[in-house]
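Construct the entire structure; sequences and hints are all you get.
Protein chains in written order, with my numbering: chain Z, 1 to 756; chain F, 1001 to 1163.
Mixed in with the good hints there might be a few duds.
Far from chain Z, some chain F residues (derived; all Cβ distances over 12 Å) [said to hold, decoys possible]:
no., residue
1, E1003
2, G1019
3, P1042
4, T1070
5, R1154
Keeping only pairs whose Cα atoms sit at most 20 Å apart, straight-line, the calculated PhoX-like set for lysine-lysine is [claimed, not checked]:
no., chain 1, residue 1, chain 2, residue 2
6, F, K1017, Z, K81
7, F, K1092, F, K1153
8, Z, K165, F, K1099
9, Z, K593, Z, K654
10, Z, K399, Z, K387
11, Z, K43, F, K1136
12, Z, K654, Z, K119
13, F, K1102, F, K1119
14, Z, K741, Z, K710
15, F, K1089, Z, K43
16, F, K1136, F, K1119
17, F, K1089, F, K1047
18, Z, K498, Z, K566
19, Z, K263, Z, K171
20, Z, K498, Z, K576
21, Z, K41, Z, K90
22, Z, K181, Z, K165
23, F, K1089, F, K1017
24, Z, K92, F, K1017
25, F, K1033, Z, K81
26, Z, K704, Z, K728
27, F, K1126, Z, K387
28, Z, K81, Z, K41
29, Z, K731, Z, K704
30, F, K1047, F, K1092
31, Z, K29, Z, K19
32, F, K1048, Z, K385
33, Z, K399, F, K1153
34, Z, K90, F, K1017
35, F, K1104, F, K1089
36, F, K1102, F, K1047
37, Z, K576, Z, K588
38, Z, K41, F, K1017
39, F, K1119, Z, K43
40, Z, K41, F, K1089
Honestly, the hints are just simulated from the structure, not real lab data. Beta carbons: idealized from backbone N, C-alpha and C, even for Gly.
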Amino acid sequence: MQEGDILANAPLPEGVGEKAAKLLLEGEKPLFSITGDLNLKGKYGNSAIYITDRRLLAFDAYHEGGVFIIALGDIEDAEVKRMYGNAVLKVKTGGRNLDVFRFTYSVASLADAAAMFAKNVAAGADSAEEFETVKATFEKKKSVCPKCGRVLIRQGAECINCASKGKLIKKLAKYVRPQLKVMIVCLILSLVTTAMALAPPYVTKMLVDDIIPNKNLDGLVTLVISLLLIYVVQYTIGAVRGYYMRITGDKIVAALRNDIYEKAQYLPLSFYDKTSTGSVISRVSGDTATLQAFLLRISQEAVIQFFMMIGIIVIMFVMNWKLTLLSLTPVPLVVMGATFFGRRISPIYRKIWRRWAAVSSILSDTLPGVRVIKSFTGEDRASEKFKNYNSDWLREDTKAALLSNMFPAAVTFFVTCGSLLIWGMGGRLVIKEPGSISLGLLVSFISYTGMFYTPINFFANLNDTYQHALTSAERVLDIIDAEPEQNFGAGNEIKRIKGRIEFRNVSFSFDRIKKALTNINLVIEPGDIVGIVGTTGSGKSTLVNLLMRFYDHYEGDILVDGVNIKEIDLTSYRSKIGYVQQEPMMFKDTVFKNIAFSLPDADVEQVIHAADVANAHSFIARMPDAYDTLLGERGVGLSGGEKQRLSIARAVLKNPSLLIFDEATAAVDSETEHLIQQAIERLISGRTTLMIAHRLSTLRKANKIVVVDKGEIIEFGSHDELMELRGKYFKLIEIQSLSEKIREGREAENFEFTEV
Amino acid sequence: MHERTYIEYDNARITRKEGILLDVEMYDGRVFKDVEARRLFPLTGLKKYITLLDSDGAEQAVIRDLDNLTPECRDTVMDTLREYYLVPKITKILSAEEKYGKLKLSVETDNGPHSFEIKNVHADIKMLYDGRVLIKDSSDNRYDIPRLAALDKRSLRVINPYL
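Now the structure itself:
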């Protein structure tokens, strides 16, 4: 990350570093550089910007003399214009906009930081302070490992390739350690079975060379019984070991899943802003299984196969070293052949998998949407699309059929050729020089040679398994090692919140680059009903998210009843807040448990009362299974208005001191809206309430209105005061009144139409 | 909803201003200043349905087909589009290396040689039915193989396992 002693995303292009150093003025301090990948004409090429505490230097062959220099003080504006697949840093000076640095998206966020730095310093901000933001951006937006150049799992993450493997093993050993005793027993058992597996070929030798030619019936019986015993012990131990290994493996994967899931619960929302929930799900399910398989493979199979290999070689050498060397001749050929075919076949299998995934996605897309398909008479189109994808799959699978059959056949062929070699050469020795080796020895050699290829193949493929497991480890540890939500005030529990809320000079940025909230100062008195209004993306939800303590890294203070919310125990604090979301989330459980989610110990009558207050009881009672109705995922089976009322019931049951309400914008008819409004009124009475409000009817209930725009509070006061002001609020209300009139009109028309 | 203004044949004069900004003078007298050209179909319609947006992102007019404009106007718009859309066409695939679940491709493009990483082979390499292949790298940059079959044999062999 460091180029010389300045901050850099990559080494500067050849000659640029020296050129920049020569251009430095006396006392000028270089701060950071960004190496780009396009020239100003949009071709791949070398370019860079070099920023000091006084100037911006842009290096590009298309600048006159190869460099453009501007003093930060001369910059009127600086911005990154994002285009499609590329972006350009534009600097405004002397009223003219100049393109100074062009790049692909790979460095776009760093260029954003540079633009912000230049702009702010030009506007008089302290360069040292602004540089701190740049540093944070470099660290956060570090999407490529500076050591190995590999793209990281997420920006700022540790590179698994360069991470200490010792540390990695230590972290994963935590899951293996509790099972260590069982695993050691299993390992010993496997070594016993491995040793036993080595015996039968030797017994064969004895049979062929000694027992059968000498017609020794007693010896034959003894040997057969011994073999039988060996098999009984071997397979019994095998079954017992298999059973314990399965349990051990399950325990490892269960512990891993528990840890990831538990950790995922306590991760801050900022983690989920960057990581999709789908990816977290696949880490809990798929990656843990891959890791478990690898842990068992490396701790058990690798040891067993190693001993098997050594055992076979030792036995073979003891029996006849010449024949051993001969037997091992085809090994490199077999390994090479297996590796070659393995490399050829695995992309084909992957291709088949991809084609099949495409077919499956058509299935999962179209079958649930069969109503839409029918209503737009799209049956033929849907069938045609499916046929196309299915024939793609068929084509790939047909190709694979050839190779997938050739692959095992070829490996077996090589192995067989190996044994032919031993048969030929060894057989010749048996016939021509009977004293040198016996027939039994030859037969047992053939068996040992066959057995030898199992460990060889195992070790040949171990690297692929390792790579695969390392990728899974990276994804799993990304969650396990992530920083959980900070509970600064742990133990400092509060009994009740009176409801005085104060935002003191609060500023916040999701990425420390662009401010989402700027200098928020706001006082809400106990019992106030505060409507928060503003356009989409203005910062309304962010304000609420900060009060909920979903994000901690804000500047300034938020106080509740005069206490900084960071100093209050997190669980205790959140338990006093009722949060009704815009899109209520229902869990796959009964209606009763969905309401009681906020108070798991609630008795039946408490839940029914809460449902009553929320105007939900009557519709619940009308359902055949009433409170026992099992809701589908995300509350399938309920209308938007019904889900909203259940969500209000949840909040009622919690009896919160402070209420945060994100009003639903979902189109509900006037009657449902009335029921919801009634429920809201009952819920908010006497409680300090913050409402992100969209409807005029809701806003009228608020005694204070906060108008947020571009992350700042631009108006604050009562409805009447703000209407008089004829500012942003007035405009919003005008639009709102108009759209509500239209809606009411439409509903009335619809009503009349239905009546006719 | 206002009626959409379509620019066709010679009903408008389009001139380039600073950067990729354009001025449009319609022959009916209307003037749209400082508009930017954007493709409504950036993947499938490189010359068709080009929308002209003002500084607020509001559409002022739509060019139905660049080839139907006067040659000067067409070239002016094409130049700005070329500048705005950077989707290098891959002409040769030099190597593909998969490590830790990510694919690193080294390629030659009409824009020069380049190397990039793909996070998710399954989602980021899309094969279209007309033989085109669209690729997105880990930084969200785009690449295009206009006709897969036109690549040389070695390139095909290198990319084939990932299609």
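Query raised in the report: Quick check: which numbered hints come out false for this structure?
Result: As far as the earlier hints go, 2, 3, 12, 14, 22, 23, 30, 32, 36, 37 and 39 are violated by this structure, in ascending order.
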